[in-house]
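Each chain is listed here by its residues.
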Amino acid sequence: GAVVSQHPSRVICKSGTSVKIECRSLDFQATTMFWYRQFPKKSLMLMATSNEGSKATYEQGVEKDKFLINHASLTLSTLTVTSAHPEDSSFYICSAIHGLSLPYNEQFFGPGTRLTVL
Amino acid sequence: AQSVAQPEDQVNVAEGNPLTVKCTYSVSGNPYLFWYVQYPNRGLQFLLKYITGDNLVKGSYGFEAEFNKSQTSFHLKKPSALVSDSALYFCVRYNFNKFYFGSGTKLNVKP
Chain A
10 GAVVSQHPSR
20 VICKSGTSVK
30 IECRSLDFQA
40 TTMFWYRQFP
50 KKSLMLMATS
60 NEGSKATYEQ
70 GVEKDKFLIN
80 HASLTLSTLT
90 VTSAHPEDSS
100 FYICSAIHGL
110 SLPYNEQFFG
120 PGTRLTVL
Chain B
448 AQSVAQPEDQ
458 VNVAEGNPLT
468 VKCTYSVSGN
478 PYLFWYVQYP
488 NRGLQFLLKY
498 ITGDNLVKGS
508 YGFEAEFNKS
518 QTSFHLKKPS
528 ALVSDSALYF
538 CVRYNFNKFY
548 FGSGTKLNVK
558 P
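If you read the protein sequences in the order shown, they are chains A and B.
Each residue of the first sequence is one higher than the one before, starting from 10 at the first, in this note's numbering.
Each residue of the second sequence is one higher than the one before, starting from 448 at the first, in this note's numbering.
Isolated chain A, as found in the complex (with noise of 0.2 Å):
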């Protein structure tokens, strides 16, 4: 199957620094990304759809001053999250669908990072 990488697979930050998450597709072109977060109760939330070459799409309730996304080509999208604190810390996921023909393509995901603000 498709492959789909991150990185930093584990990050601590001090509190008000930034951190830059990449999510790359290795081996297909991504027209759409979707960003995740994972809270300790397992679930995951979507926090952003992403399109190459337009701006991200932010569910209900998420900061798009805060999570930064940017998808700058088809193999590559970064999550910036910007002045990080404490509760901020937290598994950061990302999925990449092959194609246009949603749902009709399956998500392939990403390992995700820990990111861990002190």
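None of these hints come from the bench; they were simulated from the model.
Here are the simulated SDA-like cross-link-like pairs (lysine to any residue), alpha carbons at most 20 Å apart as the crow flies:
1) B:LYS524 / B:TYR486
2) B:LYS545 / A:THR66
3) B:LYS516 / B:PRO454
4) B:LYS553 / A:SER52
5) B:LYS545 / A:SER63
6) A:LYS29 / A:GLU96
7) B:LYS553 / B:SER507
8) A:LYS51 / B:PRO487
9) A:LYS51 / B:LYS545
10) A:LYS29 / A:PRO17
11) A:LYS51 / B:GLN492
Keeping the supplied structure of chain A fixed, place chain B upon it in accordance with the hints.
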């Protein structure tokens, strides 16, 4: 309103026994349903999907799921569980241009 529900936080089953992980969905919208599995330190992996067609869907690793419209359910099943099936399972629905995740069910398969 929650689009999919997984009523069990955890399911315990002995190796070799059949397993069922439950999922129900709300009536509104299209019932495009998926099952994904999450192993520790690995990305979520696709198991199977129901878009249209046969109600019984066969997927990866011997898993299958039955779409039941009258019960609004899409339970994941496997005839004979393996210890290596122990993981976190998510029922996912595509509705209104978004993917909605169930709360997840931890499957424990004991030798």
